[in-house]
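Engineer: Please build the complete structure, drawing on both the sequences and the hints.
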Amino acid sequence: MDSQTLTTSTAVAVEHHSHPSYQKHHFETEGQQREAASLGMWVFLLTEIMFFGGMFFAYLLYRNWYNAAFVEASRQLSIPLGTANTAILITSGFAMALAVWSAEVRKKNLLVLFLILTNIFGLAFLCVKYVEYKEKWEHRHIPGIRYSIEEFVHPLLKSNGTTELEGAKALPVDTAKQTEMFFFLYFAMTGMHALHMIIGIGLLCMYTVLAARGKYTNGYVAPIENFGLYWHFVDIVWIFLFPLLYLINRHG
Amino acid sequence: MSATIVSLPDQSTARLPKVNYLNNEHGLLSWLLTGDHKRIAVLYLISTTFFFFVGGAAAALIRMELLTPQSDLMAPDTYNKVFSAHGLVMVFLFLVPVVPAVFGNFLIPIMIGAKDLAFPKINLLSWYLYMIAGTLMLATLIFGGVDTGWTFTTPLSTHYVNTNVVSAGMAVFVAGFSSIFTGLNFIVTIHRMRAPGMTWFRMPLFVWAHYAASIQMVLGTPVVAIAIILVILERTIGIGVFDPTKGGDPLLFQHLFWFYSHPAVYIMILPPMGVISEVMSTFSRKRVFGYTAVAFSSVAIAVFGFFVWAHHMFIMGISSYSALVFSLLTMLVAVPSAIKIFNWSFTMYKGSITFETPLLYAFGFIGLFTVGGLTGVFLGTMGADIHLTETYFIVAHFHFVMVGGGLMGYLAAIHFWWPKMTGRMYPETFSKLAAVTVFIGFNLTFLPQFILGYMGMPRRYAAYPPEFQVLNVLSTAGATVLGLGYLLPMIYLVWSLKYGKIAGNNPWQATGLEWQIQSPPLTENFLVTPIVDHDAYDYEWLAHQTPREVTTVG
Amino acid sequence: MPISPVIWQFWEKWLTNFGLLPKEASTIAPEMDALFWFLILISLFGLVLVIALVTYFSARYQKDLHPVAEDIEGSTVLEVTWTLIPLILFLVCFVWGALLYFRIYTPPVNAMNIYVVGKQWMWKAEHPGGQHEINSLHVPTGVPVQLTLISQDVFHSFSIPAFRIKREAIPGRYSTVWFQATKEGTYDLFCTQYCGTSHSAMIGSVTVMSPEDYKAWAASSTSGSSLAQNGERLFASMQCNACHNGTAEARGPSLAGVYGSKLLLASGSDAFVDEAFLRQAILNPSQHVTAGYAPIMPTYQGQISEDGLIDLVEYIKTLHSNERPQQTLTSTTSTEAAPTAAGMVKP
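Chains as they are written, first to last, in the working numbering: chain A, 1 to 252; chain B, 1 to 554; chain C, 1 to 347.
What the hints contain is simulated information worked out from the structure, not anything from laboratory work.
Every residue, glycine too, gets a C-beta built ideally from N, C-alpha and C.
Any given hint might turn out to be false.
Computed spacing ranges between beta-carbons, pair by pair [as the list claims (entries may be wrong)]:
1) Ile72/C - Ile239/A: 51 to 57 Å
2) Tyr499/B - Arg60/C: 33 to 39 Å
3) Glu524/B - Ile72/C: 32 to 38 Å
4) Val153/A - His159/B: 24 to 30 Å
Structural biologist: So this is what it looks like as C-alpha cells:
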C-alpha cells in the first residue's frame, strides 16, 4: 500500500522552451496548434457540406420529378445578376487569398486592405441578392407567404406579343403549382448561403479590426488562413448553386 | 474473502491531493468560464443527470398509465406529450451526449497524453449549447409540450398538431450543434494531440470508440439539423416541401430524419462499448482480446451505420428493391457488434478475474446488448419487420440496446472512473446491490414487451385492448424496480464525496495513462508530457512501474 | 417445413392459448412464425453461447483460482470464425426475410381488391360492391384479398397481427398489401403509425367468414350501388365525359380498356396504367398526358376526396367498350336500381 504515486515511466522531461505569445498553453508547439486549427476548420466545413447536402438532395429529387415546372421557374431568375454575383464572389475569394498571403509575408497594411476588399465584395453580393429577392417579392414568388402561379399560367407579354422572358412557355395549372417547390428550394438554398455570407462578413469585420492592431502579422496566420477556408467554402457553395438554380435548360 | 484487485492507499494517512482540478480555482465563474475539459465534464455530469431524471419521470408516468388498458391516468393528448417528452429528452439530452460529453471529455486528453482537448473554448461552447437546448426543451414541456413523438413525422408535425413543435425542433437543432462541436473537438484532438509514442494502435479502445462515434456526430447531425429546419419552415410559412397537396413528399422527411437518426443510435452505443473494453481488460488483468479487430469494428460500425437508415422505413412505401439493399446492409452492420461481444468475452479467457461493480455492469451490457442487437436482426429481416415494426417489439429492442447496452455502459463508466474524477471510492456492497437491482428491474420491464410486440400491441398507444394488461403490469412492476436501481447510485455516490475512502491514483491497478496520475487529476493533467513506449493494456509494463517522482502535488 | 404439422399445430395452439402468440389466421402467418422461430433459435444459440462463455470464464479464471493472467493478443482463427458464422446466419435471415417480404407485398393478379382509406382517426374500408365499413373489415376465407391503402391526412398504418401483415397508409399515394384468410373468427385491427390524439382509438376488428357467409353479408350491407356505380355518377357529374366520350374527335383519350394497359405518354415515356396512375392522372394531368393529345385537362386536386377518387378509379377499371358507359357492376347482388338524381353531391 504504497503512498507513493507513480509517474509515467521513461518520461523525459520536455524542456519548457519558449513559445510564441499566441500559442495556447495546452499545445506543445506552435505547429501543433496551427495544424489542429486547420484540421478543425476542415472538419467543420465537412459538417457544412452535410448540412447543405440535405437541401441539395431535396433539390435533386424535385427537379427530377417536376422538371417542366423547374425549367419555367428557373427562367424567372436573372442570369446577368447571377453571373455578376458569381464574378463578385470569385473576386472576393481572390482578395481573401491575397489577404492570407499578406498575413504570411507580414504586411499589415496590405492585409487590412485585402480584408476590407473581401468585405466590400461580400456586401456587394448581398446587395445584388437583395435586389433579386425584392423582385421575387414584387412578382409574388415567395413560397408559402406570397405566391401566385399567375405568371406561369399566363406568361407576361411584351407589347409586340412575344414573352417578356425569352422562351417562356405557359404551363397548365397543376404543373404551374409545382413551381412553388422550385422557389422554396431557391430561397432555402440561397438564403442559407446568404446567412453564411452574413456570418462571414461579421467575422471579417472583427478580423479587420484585429488585423489593424497587428495581431495577424507577427506569425499568427492561422485564424486568417482558416477564415479563408471558410470564405472559399461559401464561395464554392455558390458556384454549385448558380448553375443548378439559374441555368436549368437555358441552352439554345 | 477478498479476491479483489482494489488497491487503496493507507486510509489512516491518506489525503486527497492538495492541488487538483477541483480546487485550484474557486468561485462560480471559474466553473462557468472554465476551459478545463475535466470541469466541463463535471458540468455535463450534473446537467445530464438532471435531464435523465426528467426523462425518467416521463417514463414513470408512461408505465403508470399503462397499468390499465383504459386511458384513465391522463387524457390521450397528455399521454402523447409524455411519451414525446420521454423520447426527446432521453435521446437528445441524455443518450447522445452523456458518455462522450462526460467521460470522453474527461478522459480522452489524459488517455492520449495531452493537456486538454484541441479547442477548450469550443468545448465550453458545446456545454452552453447543451444547456440552451435543455432550457428550450424544458420550456417546450412546461408551456404545453409537444406530441409528435421524438421522430417529428410529417405531415403530422407540420400540419396536424397545435403543440410546441417549433421550440422542440429548435431544442433538437441546438443540441445537435453541441454534439457536432464535441465530435469535431474529439477528432482534431485524437489526430493532432497524441503524446510522443502514442501511435493510433497504442491508444485505448475507449478512444477508438469515441473517434468512430465522433465521425458519425460530425457527418450525420447536420442532416437532421436541416430536416428540422425544413419542418419548422413548413410549419410556419407553409413552403410545401413535405406536403403532398403542394407536390411535396412526406417520405423525403423520413429519409432526411433517419439518415441521422440511425447513425445516432451508434453514436449512443459506441462510446459505452469503449467503456466496456476498458472495464473488461482491467478486471481480467489482461489486454483486450483482438485489439485490432475491436478497433476496426468500431470504425466499421461508424461507416456502415450510414448506409442502413431506410430499415426504419420498410413498410412505408419505399420500393421493395431498395428495401432489399437496406436489409442486406443491416445484416452487414450487425456483424462488427457480434465480433466485439466475442472479443470481450474472450478477454476473460485465462485472465485473473475479480468482480467489482464496473465488471458487473459490463456483464449486464454483454448479455443485454446481445439480446438487443439480435432482436435488431429480427427487425432487419424484411419479412419479419412487417409484423414486428411499430409494435412493442421495437420498443423492447431499442430499450435493450440503449438502456441495457448504453445506460449499463454509462453506469459502468461512472463506477470505474468515479475514483479518478473525485478521488473517492463508493461503498462496494451498495454499488453491487444497485447493479443487480438495475439488471433485474430492466429485464422485468422489457422482456414482456417482446411478447407484447409479437402479440401485436402497437407502440405509442395510450389505451390498449385488455388482453395485453398482464404483460403491461409486469412491465410496470419491473420499471419500479429499475427506477429504484437508478436512485441508489445517486445516494451512495453523493455520500462518497464526503465519506468515501480515499482512492489514490490507481485503485483498480489499471494500465491507462489516466491511472498513472493523481486522483483527482491536476488541471494540466501531467506534470511532464508522457512519452509512450508500450501498448495499451500492457500489464507487464504496469508491473514494472517503479515509484519515482511523486506526482501528487502538495 | 422440417417440423411435422401435428407438432406445429400443437405448439401454435399452446402458445396462442397462453397469449404468447397471436392466432395464425392467414396463409402467410405460419410462414412468418416459422421465420420468427428460426430467428429466436439462432438468437438463443448466440445468447446462450455468450452467457456460457462469460460464466465459464468467470468461474474458471477468477482471481483465486487463476492468480496470474496470460497475455494473449488474439486469435485470427477465432476472429474469422465469429465473423463468418454470424454473417452467414444473418444472410440466411436476410434471404428468408426478403422472400417473405416480396410475397406479402406482391399481390396475386386475381386478388379481390378492397380499398382502405385511413383518416384521423378511423379506417374506412370500401368493398368493390359498394359495402362501406368503418373500423372493421369483413373478408372471406380462401380468397386472396388485396388492400389498397391511402391516407387522407397523415401517415397511418394498417395492421392485422393475426394475419402478420401491416402496411403504411400514405397521404398522396396508394400502397398495397395482400393476404388470404384461413380461419374464421374475429381479429384485432390496429393503426400502428402514431397519428395524433386518438391514435390508440383507431382500432377495429377483422371478421373472417366462410365464402357463403361473406356473400350473405355483402348482400345485406351494400349501400345499393357499387364503387364503380358511384364512380359512374361522379364521372357524369364532374363532366368527364365532355372530353372522354370515346368518339374519334374527342379532346381526351378514350378510357375503354385503358386500365391494365401500357400507355405512351406525350413526354415519350411508357406508363403502366394501374390504380395509382389513374389517381395521379386525375390530380396531376399535365404530367400524364397521353401521346397525341393536348395538355388541356384541368386538375381536380382539392375537388375530389380520396373516396371519390376511388370510385372513379373503380369505374374506369370497368370500362371495356366505347359505348356510352352503362351501369356495370362487380360483385353486389342488390336488385335495387342505382339512384341517378342529377347534381348528386360527390361522396
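Engineer: So, for every hint listed, does it hold in this structure?
Structural biologist: Hint check results:
1. A C-beta distance of roughly 55 Å is found between Ile72/C and Ile239/A, which places it inside the suggested range of 51 to 57 Å.
2. Distance hint for Tyr499/B and Arg60/C: a CB-CB separation of about 37 Å, consistent with the stated range 33 to 39 Å.
3. A hinted range of 32 to 38 Å holds for the C-beta pair Glu524/B and Ile72/C, which are about 36 Å apart.
4. Our hint of 24 to 30 Å for Val153/A and His159/B holds, since their Cβ atoms are close to 26 Å apart.
Every hint, counting from the list given before, is met by this structure.
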